[in-house]
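Trainee: Sequence:
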Amino acid sequence: KKYMIMNGFKNYSKGWTCFLLFLCLCTWSTCEAWQVEWHTKANATGPFRLDMDTVQIVEVVLKQLSITDVKAVQFYSEDMHVANVPTENINPQPCQENLCTQINVTGVFLGKTKISCKVFFKNGTSETSTDELTVTVIRRMRVLDHLFTGGVATLVAVLYINFGAAIDWKAAANIIRKPIGPAVCFVSQFLFMPLISYALGRVLFPNNHEMALGLFFTGVSPAGGASNIWTFILGGNLDLSVTMTTISTIAAFGMMPLWIFTLGKHIFESGDLAVPYDKIGMYAAALVLPLAIGFCIQKYLPRVTRILVRILKPASTILILFIIIFATVTNLYMFELFSWQIVVAGLGLPWLGYLAGFIGGKALKQPPGDVLAIAIETGIQNTGISIFLLRFTLPQPEGDLTTVVPVAVAIMTPVPLMLLYFIKLCKKRFCMGPDQVPLKKDNSSTMMTAP
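For what it's worth, my numbering labels the leading residue of the sequence shown as 352, then goes sequentially.
Careful, some of the hints might be misleading.
What the hints assert, rightly or not - Here are the simulated lysine-lysine pairs, BS3-like style, with alpha carbons at most 30 angstroms apart:
#	residue 1	residue 2
1	K463	K414
2	K392	K529
3	K529	K465
4	K713	K616
5	K616	K650
6	K473	K422
7	K422	K465
8	K473	K521
9	K664	K716
10	K521	K713
11	K779	K716
12	K463	K616
13	K775	K713
14	K529	K778
15	K422	K392
16	K775	K716
17	K465	K392
18	K664	K779
19	K469	K392
20	K664	K650
21	K716	K616
22	K473	K529
23	K521	K664
24	K716	K521
25	K529	K716
26	K463	K392
27	K775	K521
28	K521	K414
29	K664	K529
30	K465	K414
Stated by the list, open to error - Listed next, with one range per pair, are the computed distances between beta-carbon atoms:
#	residue 1	residue 2	range
31	D430	I644	46 to 56 angstroms
32	Y427	D402	54 to 64 angstroms
33	N559	K779	43 to 53 angstroms
34	F781	V639	36 to 46 angstroms
Keep in mind the hints are simulated off the structure, nothing from the lab. Remember, it's a predicted structure, so these values are computed and weren't measured experimentally. Just so it is clear, CB atoms sit at the ideal spot from N, CA and C, and this is done for glycine as well.
Whenever a hint applies, use it, and build me the whole structure from the sequences.
Mentor: This is the structure in C-alpha cells:
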C-alpha cells in the first residue's frame with residue numbers, strides 16, 4: 352500500500368512537471384517571436400523628436416501576436432519628467448494579422464527617455480518588449496524669445512549711440528597709447544577666465560562633460576556689452592570700459608579658437624568644434640556702428656549730445672532691469688535644472704573674474720575708476736556667444752540643456768554689482784554732507800566741498 356502511494360505521488364509529480372514544462376514552452380514560443388513597431392508622423396519608426404508641452408500620437412503595431420493570446424498591453428516611460436504616456440491597460444485591436452493600438456506621448460521637459468511596451472497574456476504571464484521607442488524632447492523657440500532678443504538688441508544699439516556721444520574720444524586715444532588697463536583686462540579675460548572655467552568644470556562636473564563644456568565656453572567668450580552699462584552706473588571709467596570691450600571682442604577672433612582647440616579638446620574629445628565667427632563679427636559690428644553714430648552726433652550735433660548724455664543713466668538702468676526681468680521670464684524653465692553645482696558655477700566664474708580684475712588693477716596701481724572698470728570687464732562674459740556655441744556644437748536636447756550654465760552665470764553676474772549700486776545709493780543718501788556738491792556731472796565720483 353505504501354509502495355502504491357509513493358508510485359502515485361511520483362506519477363502525479365511527473366504530470367505536473369510535464370504540464371508546467373509544456374506551459375513554459377508555449378509561453379516562450381509565444382513571447383520570443385512577437386515584436387513592437389512604433390510609427391509616428393515625423394518618421395516611420397524609431398526615435399522621434401517632441402516639443403515641450405505638446406502631444407503626439409504614436410501608432411503601435413504588435414507583430415506576430417493574436418487577439419486570442421493577448422489580454423491587454425501597457426506602456427510606460429523610463430523618465431516621466433521628460434515624457435509621459437497613459438499607464439492604464441489598453442486592449443489592442445486586430446489589424447492585418449497583427450495587433451494595433453495608439454498612445455499619446457506628451458513632452459514634459461527637455462531630455463531623452465524611452466517608452467516600453469508590456470504585454471499581458473491570457474495564460475497569466477506577461478512580457479516586456481526589448482523594442483523601445485526613444486523620445487527626444489526639445490524646446491521650440493517662442494514669440495517671447497524673439498521679442499526678448501529683438502528688444503535687447505534695439506535697446507543696446509540705442510544705448511551704444513549714447514555711449515558714443517558721451518565718450519571722451521581723446522581720452523580713449525590716450526588709453527590706447529598707454530594701454531595698461533586694456534593689457535590687464537586682456538590677461539584676466541583671455542588667460543585667467545579660460546583656465547578658471549576649465550578648472551571649475553572639472554571639479555563641479557567630473558562626470559558631465561556637456562556641463563563642463565558649457566562652463567568652459569562661457570569662460571572663453573569675450574566681455575559682454577553689459578560691462579559698459581554697469582561701469583557707467585557704478586561710476587567707473589566709461590572710456591576705458593568701451594575701449595576694453597572693443598579690444599576684447601576683436602581679440603576673441605583669435606583667442607576663442609586657441610582655447611577651444613587646446614583645452615576644449617580635453618572636454619569635448621571629438622574636437623569637431625566650430626567657432627561662430629559670423630556671430631562674433633555681427634557682435635563687433637553691432638558694437639562699432641552705434642559708437643560711430645554717437646561719435647558723429649557728438650561732433651556735429653552738440654545740442655543733441657547734451658540730451659543723450661542726460662538720459663544715459665536712466666536708459667542704462669531701464670536696460671538692466673529689462674534684461675534681468677525678461678531673461679528670468681524667458682528662461683524660467685531653466686530653474687528646474689538648477690543644482691548646487693550649477694549655482695556654484697554661476698557664482699564662481701564671474702565673481703572670481705571680478706576678483707582677478709580688481710587684484711590686477713590694484714597691483715598696477717590704477718585709479719579707482721579704472722580698477723572698477725577692469726574688474727567689471729573681466730567678470731562679465733558675453734553669455735550670448737557661449738549659448739550660441741553650445742547650441743551649434745551639441746545635438747538637441749543637449750545643446751539646450753547645457754545652456755543652463757551660461758544662463759546661471761548671466762543670472763548670478765549682476766548680484767554683487769547690484770549690491771554695490773545699492774551701497775553707493777545708501778552712501779549718497781545718508782553719508783553725503785549738505786556742504787558737499789559734485790565737482791562735475793560725469794562718470795567719476797570726485798567730490799568737493801562747497802565754499
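Trainee: Holds or violated: the 43 to 53 angstroms window for the beta-carbon distance between N559 and K779?
Mentor: holds (45 angstroms)
Trainee: Are the Cα atoms of K713 and K616 separated by 30 angstroms or less?
Mentor: violated (34 angstroms)
Trainee: Is the Cα-Cα distance between K422 and K465 30 angstroms or less?
Mentor: holds (24 angstroms)
Trainee: Check the hint pairing K664 with K529 against an upper bound of 30 angstroms on the C-alpha distance.
Mentor: holds (28 angstroms)
Trainee: If you draw a straight line from the CA of K473 to the CA of K529, is it 30 angstroms or shorter?
Mentor: Distance ~87 angstroms between K473 and K529 Cα, so the pair is violated.
Trainee: Tell me if the beta carbons of D430 and I644 are separated by a distance inside 46 to 56 angstroms.
Mentor: Given a distance of about 51 angstroms, which is inside 46 to 56 angstroms, the answer is holds.
Trainee: Straight-line Cα separation of K775 and K713 no greater than 30 angstroms?
Mentor: At roughly 20 angstroms apart (the allowed maximum being 30 angstroms), K713 and K775 satisfy the hint.
Trainee: Taken at face value, is the distance from the CA of K716 to the CA of K779 at most 30 angstroms?
Mentor: Measuring from Cα to Cα gives roughly 26 angstroms; hence the hint holds.
Trainee: Taking 30 angstroms as the top limit, are the C-alpha atoms of K463 and K414 close enough?
Mentor: Holds. K463 to K414 sits at ~26 angstroms (cutoff 30 angstroms).
Trainee: Would the pair K473 and K422 pass a check requiring their Cα atoms to be no farther apart than 30 angstroms?
Mentor: holds (5 angstroms)
Trainee: Using the beta carbons of Y427 and D402, state whether their distance is inside 54 to 64 angstroms or not.
Mentor: With a Cβ separation near 22 angstroms, Y427 and D402 fall outside 54 to 64 angstroms, so the hint is violated.
Trainee: Is K422 within 30 angstroms of K392, Cα to Cα?
Mentor: Holds, because 28 angstroms separates the two Cα atoms, which is no more than 30 angstroms.
Violated hints for the displayed structure, listed by number in ascending order: 2, 3, 4, 5, 8, 14, 21, 22, 28 and 32.
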